[in-house]
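Starting from the structure of chain A, add chain B where the hints point.
For the record, the sequence lines run as chains A and B. Residue 31 in our numbering sits at position 31 of the first sequence, and the numbers go up by one each step. Residue 323 in our numbering sits at position 323 of the second sequence, and the numbers go up by one each step.
Incorrect hints may have been included.
Because identical chains share one entry, a pair is satisfied inside a single copy or across any pair of copies.
[To be verified] Derived lysine-lysine pairs resembling BS3-like cross-links, with alpha carbons at most 27 angstroms apart:
| no. | residue 1 | residue 2 |
| --- | --- | --- |
| 1 | 219 | 161 |
| 2 | 2 | 346 |
| 3 | 53 | 195 |
| 4 | 155 | 195 |
| 5 | 117 | 220 |
| 6 | 220 | 346 |
| 7 | 81 | 156 |
| 8 | 117 | 156 |
| 9 | 175 | 53 |
| 10 | 2 | 350 |
Honestly, the hints are just simulated from the structure, not real lab data. Since this is a predicted model, take the numbers as computed values, not measurements.
This is what each chain is made of:
There are 2 protein chains.
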Amino acid sequence: MKEIIMEMLSQNKVHDARNELLTMNVVDIAQIFEEFDEADRHQLVRLFRILPKDVSVGVFSYIPPELQQFIIESITDKEIKGIIDELFLDDAIDFIEEMPANVVKRVLKNTDENLRKLINQFLNYPENSAGSIMTIEYVDLNKEMTVQQALEHIKKTGVDKETINTCYIIDKSRKLEGVVSIRRLILSEETDLIKDILNDDVISVKTLDHQEFTAQVFKKYDLTTMPVVDNENRLVGIITVDDIVDIIDRENTEDIQRMAAIQPSEEEYLRTDIFKLAKHRIVWLLVLMISATFTGNIIKSFEDVLQNVIVLAAFIPMLMNTGGNAGSQSSTLIIRGLALGNIEIKDAFKVVFKEFRVSLIVGFSLATVNFIKMIIIDKVEIKIATTVCITIFLTVILAKIVGGLLPIAAKSVKLDPAIMASPLITTIVDIFSLMIYFKIASLMLNF
Amino acid sequence: MKEIIMEMLSQNKVHDARNELLTMNVVDIAQIFEEFDEADRHQLVRLFRILPKDVSVGVFSYIPPELQQFIIESITDKEIKGIIDELFLDDAIDFIEEMPANVVKRVLKNTDENLRKLINQFLNYPENSAGSIMTIEYVDLNKEMTVQQALEHIKKTGVDKETINTCYIIDKSRKLEGVVSIRRLILSEETDLIKDILNDDVISVKTLDHQEFTAQVFKKYDLTTMPVVDNENRLVGIITVDDIVDIIDRENTEDIQRMAAIQPSEEEYLRTDIFKLAKHRIVWLLVLMISATFTGNIIKSFEDVLQNVIVLAAFIPMLMNTGGNAGSQSSTLIIRGLALGNIEIKDAFKVVFKEFRVSLIVGFSLATVNFIKMIIIDKVEIKIATTVCITIFLTVILAKIVGGLLPIAAKSVKLDPAIMASPLITTIVDIFSLMIYFKIASLMLNF
Numbered sequence: 001m002k003e004i005i006m007e008m009l010s011q012n013k014v015h016d017a018r019n020e021l022l023t024m025n026v027v028d029i030a031q032i033f034e035e036f037d038e039a040d041r042h043q044l045v046r047l048f049r050i051l052p053k054d055v056s057v058g059v060f061s062y063i064p065p066e067l068q069q070f071i072i073e074s075i076t077d078k079e080i081k082g083i084i085d086e087l088f089l090d091d092a093i094d095f096i097e098e099m100p101a102n103v104v105k106r107v108l109k110n111t112d113e114n115l116r117k118l119i120n121q122f123l124n125y126p127e128n129s130a131g132s133i134m135t136i137e138y139v140d141l142n143k144e145m146t147v148q149q150a151l152e153h154i155k156k157t158g159v160d161k162e163t164i165n166t167c168y169i170i171d172k173s174r175k176l177e178g179v180v181s182i183r184r185l186i187l188s189e190e191t192d193l194i195k196d197i198l199n200d201d202v203i204s205v206k207t208l209d210h211q212e213f214t215a216q217v218f219k220k221y222d223l224t225t226m227p228v229v230d231n232e233n234r235l236v237g238i239i240t241v242d243d244i245v246d247i248i249d250r251e252n253t254e255d256i257q258r259m260a261a262i263q264p265s266e267e268e269y270l271r272t273d274i275f276k277l278a279k280h281r282i283v284w285l286l287v288l289m290i291s292a293t294f295t296g297n298i299i300k301s302f303e304d305v306l307q308n309v310i311v312l313a314a315f316i317p318m319l320m321n322t323g324g325n326a327g328s329q330s331s332t333l334i335i336r337g338l339a340l341g342n343i344e345i346k347d348a349f350k351v352v353f354k355e356f357r358v359s360l361i362v363g364f365s366l367a368t369v370n371f372i373k374m375i376i377i378d379k380v381e382i383k384i385a386t387t388v389c390i391t392i393f394l395t396v397i398l399a400k401i402v403g404g405l406l407p408i409a410a411k412s413v414k415l416d417p418a419i420m421a422s423p424l425i426t427t428i429v430d431i432f433s434l435m436i437y438f439k440i441a442s443l444m445l446n447f
Numbered sequence: 001m002k003e004i005i006m007e008m009l010s011q012n013k014v015h016d017a018r019n020e021l022l023t024m025n026v027v028d029i030a031q032i033f034e035e036f037d038e039a040d041r042h043q044l045v046r047l048f049r050i051l052p053k054d055v056s057v058g059v060f061s062y063i064p065p066e067l068q069q070f071i072i073e074s075i076t077d078k079e080i081k082g083i084i085d086e087l088f089l090d091d092a093i094d095f096i097e098e099m100p101a102n103v104v105k106r107v108l109k110n111t112d113e114n115l116r117k118l119i120n121q122f123l124n125y126p127e128n129s130a131g132s133i134m135t136i137e138y139v140d141l142n143k144e145m146t147v148q149q150a151l152e153h154i155k156k157t158g159v160d161k162e163t164i165n166t167c168y169i170i171d172k173s174r175k176l177e178g179v180v181s182i183r184r185l186i187l188s189e190e191t192d193l194i195k196d197i198l199n200d201d202v203i204s205v206k207t208l209d210h211q212e213f214t215a216q217v218f219k220k221y222d223l224t225t226m227p228v229v230d231n232e233n234r235l236v237g238i239i240t241v242d243d244i245v246d247i248i249d250r251e252n253t254e255d256i257q258r259m260a261a262i263q264p265s266e267e268e269y270l271r272t273d274i275f276k277l278a279k280h281r282i283v284w285l286l287v288l289m290i291s292a293t294f295t296g297n298i299i300k301s302f303e304d305v306l307q308n309v310i311v312l313a314a315f316i317p318m319l320m321n322t323g324g325n326a327g328s329q330s331s332t333l334i335i336r337g338l339a340l341g342n343i344e345i346k347d348a349f350k351v352v353f354k355e356f357r358v359s360l361i362v363g364f365s366l367a368t369v370n371f372i373k374m375i376i377i378d379k380v381e382i383k384i385a386t387t388v389c390i391t392i393f394l395t396v397i398l399a400k401i402v403g404g405l406l407p408i409a410a411k412s413v414k415l416d417p418a419i420m421a422s423p424l425i426t427t428i429v430d431i432f433s434l435m436i437y438f439k440i441a442s443l444m445l446n447f
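One chain only, chain A, in its complex shape (with noise of 0.2 angstroms):
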């Protein structure tokens, strides 16, 4: 398609292009035009500001950043205020907040008092608050009114209104009333009156609450829009369910990185530069790089140990790897049901005690296994094999209740779970993996 579109450029039939683009959806539209070279980007620009208005401003909203800025770079004042004026005020806000301060300044000259005032106020907002998330442009109607006069106000503004599903419910002050949904009004007589109608049990969030608590509630009450209220109840915003979508994206995304870790990101990885992408990785591993001194002077306490049975150290790497593994995956299991809200904090006795029975049930396994194919396949002595195998089964106990218990103890002082994964678990259980090892061997070959 982008060829297409390439040819029809090139050969100056910009309404050609135009057209085809036309008979596509804003989305792929978006698309292609991230598609075109840097080299090309002028080209883009003529098609972009012969495009319909309503057109033009959707592209907008869902090209990124850096085409965004250039677009804005390209065009005159009076076009810059067009799309402002058009765009949601979430997707304005979201634009804004990516662009360096000088193109800031141009959009905001090029802006309505009224909302120059409202963008300011929404850029207040805390990033991965609600209010940094909602738009203004939702349908209000006042108790009074009956269905009849509610549809046709509708009728009169719902153009402009990101959606009409909902209709909310505001007195004078704009406190927050009710909420009614148009398949209600619909399925209502034109007489009605909104009062016996609306609903008042409204589910909403404040301004300041998390997005990720935010997301939260649209989950558990499957919503598709929900008010945002001040302190006073007042109505300030909504939430439409395709932004929540785009959040769940990427706070699980920020859990992934965290579990690896990565000091969280939600910059695209190829869009990264490696400068940033190395600083976001550095730190935690230098951090386990350094912790990883503990496991190092605990071998060279048992060097005795280790010089006169050297078969031991070929163990060693099987026993770190089995021991941070298991406990992994115990502490994955329990971030996820934290995140999830399927684990809470009063079940860590309950965690604990069910990673012992599951431990005993895999160490055992595991152990057993092991064991059998040392004396038979590689043949080891038995006394080593013995305490190779012990090793391995109460490593896996302990790994397995460390990775359980840690996410949850994390999680009761406010930091991440999510850091309790792999990397940190893997250096802790390590530590007590050889020191059990050692101990062993100390006993079962009489050091």
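Quick look at chain B alone, frame taken from chain A:
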């Protein structure tokens, strides 16, 4: 809240309890039901039976399967029929899928023949397919209708639909011809014809498309409902965004579990018995444990070096962990990028080149810090410190390239990239890091 209800029930004030519940959202009522102890469940059934039909059916769709089963086993055939008739088809399917055979038999016996046929048809869609999550309670219109006729049709039939926010235009053979939003209907003139206002650029999925793909389409186009069609483009159902939100979480959980070497399972941790938990963990642990034999063999083959410079053993854990962590960071970012569609197979070269450059920065930093630490704090011989730090540098480079490449390689042979996460990457990197370590040691220390 649960306490108040329990108190009322114990005083035999069932109707007070009912009225108390009716002030609440069905999701919250379901949660209270869930918190009842098993001993009090007969009370709960009493309460359930006197709830208004729409509320009891709503609650039923939100309670966990074992409670659904308990209720079904405690009520009459007629009551069962009432519930099944009122449930949305997707909720009915979800419920039936979780029930044991005897319950399913009883439920289907108490279902009208048409509905029974439908249920059987839906039960046949493969797990994780779009067909398995769709429902049939949608509004269909035909394109010759006027807006007024359409609205009247919605008014007549809308009460039983899962959503009326998007309506589907089909021809006589049920082929999907377009969609129209309720907003569009309301904003149009009553005399407008549906065929003139419908949107025929319909985004849909097929019954057999995977639910993960379905979720990606929802996210891409910011949808709240999507039609599902068969191979002849006949409309067979719709999917709503609330189910997609659950699927996104479920797919993320699956990925996260797979990344921690656990066989994925949808069951909540606290509800899963220990044998199942153990079973889901043992296989990978065994595979990884046996794979670690390679690492052991490398150590064995360098036993003479180790025996002579036993201090080398002290750094093995640190080297293994650092390599493993560096590799996992890379593989995690790539696995996530692939899952979100930000990275594709064709980006393999870009990824490797990026990881190579990042690894130079990271490897050099880690090696330098460690060298200084070893010389100043640990007071290790320079030759040994040099051996260790060159190994760190090379291992980090290798780990990051392997970690960046393997998930893409897995995807290109249709394996789930998530298996190329920390546990497997660590095991692979271990082998190389130890080989590098002992090779360099032999050279530096002249063995």
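* Asked: Under a CA distance limit of 27 angstroms, which applies to residue 117 and residue 220: within one copy, between copies, both, or neither?
  -> neither (34 angstroms within a copy, 31 angstroms between copies)
* To do: Could you figure out if residue 2 and residue 350 sit no more than 27 angstroms apart (CA to CA) within one copy, between two copies, both or neither?
  => Classified as between: cross-chain Cα gap 22 angstroms, same-chain 57 angstroms, threshold 27 angstroms.
* Using 27 angstroms as the alpha carbon limit, work out where residue 81 and residue 156 are close: within a copy, between copies, both or neither. => within (23 angstroms within a copy, 45 angstroms between copies)
* Within, between, both or neither, where residue 53 and residue 195 count as close if Cα-Cα is 27 angstroms or less -> Close across copies (24 angstroms), not inside one copy (38 angstroms); limit 27 angstroms.
* Asked: Under a CA distance limit of 27 angstroms, which applies to residue 175 and residue 53: within one copy, between copies, both, or neither?
  -> Answer is neither: 34 angstroms inside a copy and 33 angstroms across each miss the 27 angstroms cutoff.
* 27 angstroms Cα threshold - placement of residue 156 relative to residue 117 -> Cα proximity of residue 117 and residue 156: one copy only (25 angstroms, versus 45 angstroms across).
* Using 27 angstroms as the alpha-carbon threshold, which applies to residue 155 and residue 195: within, between, both, or neither? -> Both: 20 angstroms inside a chain and 20 angstroms across chains, each within 27 angstroms.
* Homomeric proximity label, residue 2 with residue 346: Cα distance no greater than 27 angstroms -> between (55 angstroms within a copy, 18 angstroms between copies)
* Asked: From the Cα coordinates, with 27 angstroms as the cut-off, is the pair residue 220 and residue 346 best called within, between, both, or neither?
  -> The answer is within: 20 angstroms in one copy meets 27 angstroms, while 39 angstroms across copies does not.
* To do: Give the relationship of residue 219 and residue 161 under a CA distance limit of 27 angstroms: within one copy only, between copies only, both, or neither.
  => both (23 angstroms within a copy, 20 angstroms between copies)
Violation of the numbered hints given earlier is confined to hints 5, 9; the remaining hints are satisfied by the structure.
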